[in-house]
Amino acid sequence: MSNSAILLDDPGWVIALKGLLIFVLCVVLTLMSVWGERRIVARMQMRLGPNRVGPFGLIQALADGVKLALKEDIIPKAADRAVFILAPIISATTCFMAFAVIPMTGVVNFFGQETIMQLTDLPVGVLYVLATASIGVYGIVLAGWSSGSTYPLLGGLRSSAQVISYEIAMGLSFVGVFIYAGSMSTGDIIASQSTWWNVVVLFPSFAIYVISMVGETNRAPFDLAEAEGELVGGFHTEYSSLKFALFFLAEYVNIIAVSALATTLFLGGPSAPPGFGFTESWLGGWFTFIWFFLKVLGFFFFFVWLRGTLPRLRYDQFMKFGWKVLIPVNVAWILVVATLRLMTQEGASQFMIAAFTGGVVLAVLAAMSIYDSTKRKAEERAHDVGEMPEPTFPVPALPTIKKAVE
Amino acid sequence: MTGESILFWVLAPLAVAASVAMLFMKKAVHSAILLAWVMITLAIFYIALEAPFLGIVQIVVYTGAVMMLFLFILMLVGVDSSDSLVEKIKGIRAVAIFTVLGFAGALTSLIARADLGREPVGLSTANQDGNVEGLAALLFGDYVWAFEVISALLITAALGAMVLAHSEKSDVARNSQRARSIARFRGKSIATAAGLPGSGVYARNNSVDLPALLPDGKPSDLSIAEVLHRRGDVQETKSYALDGLPQIDEEGKK
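So the protein lines, in turn, are chains H and B.
Each residue of the first sequence is one higher than the one before, counting from 1 in the numbering used here.
Each residue of the second sequence is one higher than the one before, counting from 407 in the numbering used here.
Honestly, the hints are just simulated from the structure, not real lab data.
Warning: the hint list may mix true and false statements.
Footprint (simulated), chain H over chain B, 3 or more residues, beta carbon under 8 Å [unchecked claim]:
1. 410-421
2. 435-444
3. 450-462
4. 535-543
Since the structure is predicted, the reported quantities are computational estimates derived from the model, not experimental observations.
All C-beta atoms in this analysis are idealised placements derived from N, C-alpha and C, irrespective of residue type, glycine included.
Sequences are here, hints too, so could you generate the full structure?
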């Protein structure tokens with residue numbers, strides 16, 4: 001039975017309760033992930049991180065949140081009041097919406113009702129996530145514009161350009177999954193991964209999605225929209241108190257949302273890793289939630305790891321990478337996936353499929369070696385600056401100066 | 407009252423109000439936000455009318471991409487500016503009013519003739535294999551030729567825009583970061599290997615047109631940007647030289 005059929009006979013109270021649970025889960029997860037991020041990054045930088053408030057500093061983020069809420073709420077005189085207030089609301093509401101289509105468990109017994117921890121299973125579920133993300137950008141862009149200040153405006157412009165460009169790469173990385181699963185609904189995509197997870201079958205799609213999801217959420221090393229060294233805080237420079245807290249919440253919920261989507265599309269969603277299928281019989285299916293949760297936390301750790309490791313990209317390098325590398329590579333990959341899919345559907349022989357795959361691999365290798373050799377030649381040319389005179393070193397001639405002073 | 411009609415009677419007035427308000431907004435960005443809202447309500451209606459693919463694509467394409475590009479341009483206009491209401495082309499107002507009245511008349515007469523209260527026909531057969539599959543069968547089956555022609559048209563339009571917006575780069579070749587870095591180390595002196603010296607900072611002055619002083623008290627011409635030299639915005643650097651220090655030349659000899 002497909003997910004949508006199971007979800008169809010959910011009574012109203014189950015839907016309401018699930019909506020509430022998703023909201024609570026996201027908010028608590030945000031608090032915990034702020035704490036987790038600070039602790040992990042601290043360990044990577046040979047520090048301890050917050051460890052004073054509560055056991056292991058666990059409620060540090062909560063204390064910070066309370067402090068943030070009690071701060072003075074400033075609206076700059078130059079700001080456009082209505083839009084200035086609207087922007088954080090857009091950001092904070094749209095980020096939760098993506099969770100409506102993410103299945104967090106297999107079939108479970110929810111207070112006597114057979115259901116799945118998923119609000120609805122749209123036939124265009126994954127596109128729906130993309131749609132909510134594209135509305136979420138409005139929050140950032142409008143915040144930048146309405147602040148009436150230069151740095152936020154620059155940050156807003158950067159981030160809108162960035163998110164639009166990386167949304168294309170992200171959307172294209174879905175296409176491989178759609179072709180392979182034959183559906184755009186999250187439930188069907190998970191069902192299609194019952195033998196092999198998509199991360200194995202469609203690894204290039206997975207790699208491109210992971211890169212573009214970091215660009216999409218404005219996180220390091222792609223956090224050019226709020227680069228503190230150049231733009232103070234970017235789009236949220238003028239925001240304080242609860243409005244800033246809403247942007248903060250939106251950023252972390254977005255991270256969790258894209259991680260959850262990555263889990264759904266490429267890591268089999270809530271299904272157990274190969275060899276651990278027996279765990280689903282414990283806890284009556286609720287154990288699948290633990291697998292889902294672990295996968296999402298794995299992605300979150302990856303986000304923190306990136307932040308602790310990589311320096312920020314330059315803006316033009318970043319845009320070039322998105323448009324000239326990710327998108328063309330993705331389109332070529334989609335062609336390969338579509339051809340393979342058609343071959344299996346038309347019943348081509350194993351030999352034909354193997355020959356086609358081998359041909360593609362050979363073509364990629366040839367292209368790479370040509371690219372490498374031209375690059376090496378260009379580098380050699382760059383090194384060859386021509387004959388140069390022996391440089392004189394600006395070593396201070398200390399003894400002579402001494403003599404001169406005497 | 408079904409859920410669908412509640413949805414309609416809540417959202418439809420909001421959509422109409424927003425589209426009317428869009429016309430009366432003074433700031434272009436406010437109009438853009440209201441238009442985005444109208445697009446989203448339309449998308450919700452599409453989804454409620456069992457066309458989920460069209461609804462979601464409406465949001466992704468129109469709200470997410472087209473409107474965002476509009477907003478992108480409007481942002482460059484700035485927060486304080488509002489449209490000028492001066493009539494620039496003579497008689498445009500009369501023509502506009504006439505056109506609007508004509509269009510409204512045509513629209514009203516069409517809507518007045520509409521026959522309400524009928525059961526929808528053909529929707530269930532169209533959505534038989536699912537909404538997405540039905541659309542795909544039409545787009546890539548019956549109408550594949552039209553689809554391909556339109557896509558070729560769009561690609562041509564995009565290429566045309568690129569050609570029109572393309573600007574020639576200046577003839578002066580700019581060295582890459584790498585080439586400049588290498589040149590810094592292989593030049594006559596590696597005194598500037600770590601970059602050129604910054605401008606001078608004194609107790610009285612702190613400005614980019616003041617030269618830095620070298621250890622021997624000589625002002626350094628390198629510390630002032632080339633642009634300022636060419637514009638003639640720099641005062642005579644020699645006036646900043648410190649006296650009383652032993653004069654040494656570059657090799658450090660007296």
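To see whether the hints hold, each was checked on the structure:
| no. | hint | verdict |
| --- | --- | --- |
| 1 | 410-421 | violated (count 0) |
| 2 | 435-444 | holds (count 4) |
| 3 | 450-462 | holds (count 3) |
| 4 | 535-543 | holds (count 3) |
When each numbered hint is compared with the structure, a violation occurs for hint 1 only.
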